[in-house]
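Student: All letters in the sequence shown, in the order written, are residues 1 to 243 by full-length UniProt numbering.
Honestly, the hints are just simulated from the structure, not real lab data.
Being a predicted model, the structure only gives us computed values, none of them experimental.
C-beta atoms are modelled at their ideal positions from N, C-alpha and C, and glycine is treated no differently.
Worth double-checking, as some hints may not be accurate.
[As the list claims (entries may be wrong)] Ranges of calculated distance between the beta carbons of each label pair, as one might list FRET restraints: (1) Asp-130 / Pro-31: 17 to 25 Å; (2) Glu-119 / Glu-221: 35 to 43 Å; (3) Asp-242 / Ala-98: 34 to 42 Å; (4) Leu-104 / Ala-180: 36 to 44 Å; (5) Glu-221 / Glu-60: 14 to 22 Å; (6) Asp-242 / Arg-131: 39 to 47 Å; (7) Asp-130 / Arg-216: 19 to 27 Å; (8) Ala-5 / Thr-236: 12 to 20 Å; (9) Glu-143 / Gly-53: 33 to 41 Å.
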Amino acid sequence: MSDQAGAWISLFSGGKDSSWALYQALERDLPVERLVTVHPAGDSYMYHVPETGLATLAAESVGIPLVDVEPDDFDADAAADSGAQGDDELEPLEAALADLQTDLEGGIAGLTAGAVESEYQTSRIEGMCDRLECDLFAPLWQEEPRELAEAMLEAGFEIVIVQVAAHGLDEAWLGRTLDADALDDLETLNDEYGVHLLGEGGEFETLVVDGPHMDRRIDLEYDIEWDGTRGRIRVTEASLEDV
1 MSDQAGAWIS
11 LFSGGKDSSW
21 ALYQALERDL
31 PVERLVTVHP
41 AGDSYMYHVP
51 ETGLATLAAE
61 SVGIPLVDVE
71 PDDFDADAAA
81 DSGAQGDDEL
91 EPLEAALADL
101 QTDLEGGIAG
111 LTAGAVESEY
121 QTSRIEGMCD
131 RLECDLFAPL
141 WQEEPRELAE
151 AMLEAGFEIV
161 IVQVAAHGLD
171 EAWLGRTLDA
181 DALDDLETLN
191 DEYGVHLLGE
201 GGEFETLVVD
211 GPHMDRRIDL
221 EYDIEWDGTR
231 GRIRVTEASL
241 EDV
């Protein structure tokens, strides 16, 4: 990373990967001045989808202003291919970042991103950074999944699974805390079904409800939606716990 002046922006969903990238940036004293959350209208190749509205509470707990990006409804069936969809999905994010480039004193020095193995996502974010002439900080990129997960837990991240969509991940995983026992179970499912230990292929999605970068824990009440093969929690009430 260069030492260019300007603000850092964290691409942020509230999930474990983007939260870890943000945490690592703060640990390195990068001046993160905004979090940016994209709220996809439907399935997405580029973004974390479930319960992105909770990023507002997470940002309040972290203490960094949040910018919401609400893309127009995108018809995935109308896309020529997945690459075209990814490019189209990136446009509203890049437009929002271009506005921040103008609005923030010194512009944007860099972005944080939580990609682990996805060339699809990372190549597009790298291209966007090139166009914005800013750096990219992706501390999870190509790291060993078990070591990353254990580092998150050791740092004090409390991670809740909010969506599952893979063989071996049943209804009991919804709302489960991603702890050492869960990691052991995921290792078994990786051997049996190829489930990625961090859910990198969309096998599961998460929410960080507490961590060392957060002042207050997020308390959740929710219902479970399950269709027999995949499911998600549907949050009915969420708040920051009193200190």
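Student: Give a verdict on every hint.
Tutor: Now the hints, each set against the structure:
no., hint, verdict
1, Asp-130 / Pro-31: 17 to 25 Å, "holds (21 Å)"
2, Glu-119 / Glu-221: 35 to 43 Å, "holds (38 Å)"
3, Asp-242 / Ala-98: 34 to 42 Å, "holds (39 Å)"
4, Leu-104 / Ala-180: 36 to 44 Å, "holds (40 Å)"
5, Glu-221 / Glu-60: 14 to 22 Å, "holds (18 Å)"
6, Asp-242 / Arg-131: 39 to 47 Å, "holds (44 Å)"
7, Asp-130 / Arg-216: 19 to 27 Å, "violated (37 Å)"
8, Ala-5 / Thr-236: 12 to 20 Å, "violated (44 Å)"
9, Glu-143 / Gly-53: 33 to 41 Å, "violated (29 Å)"
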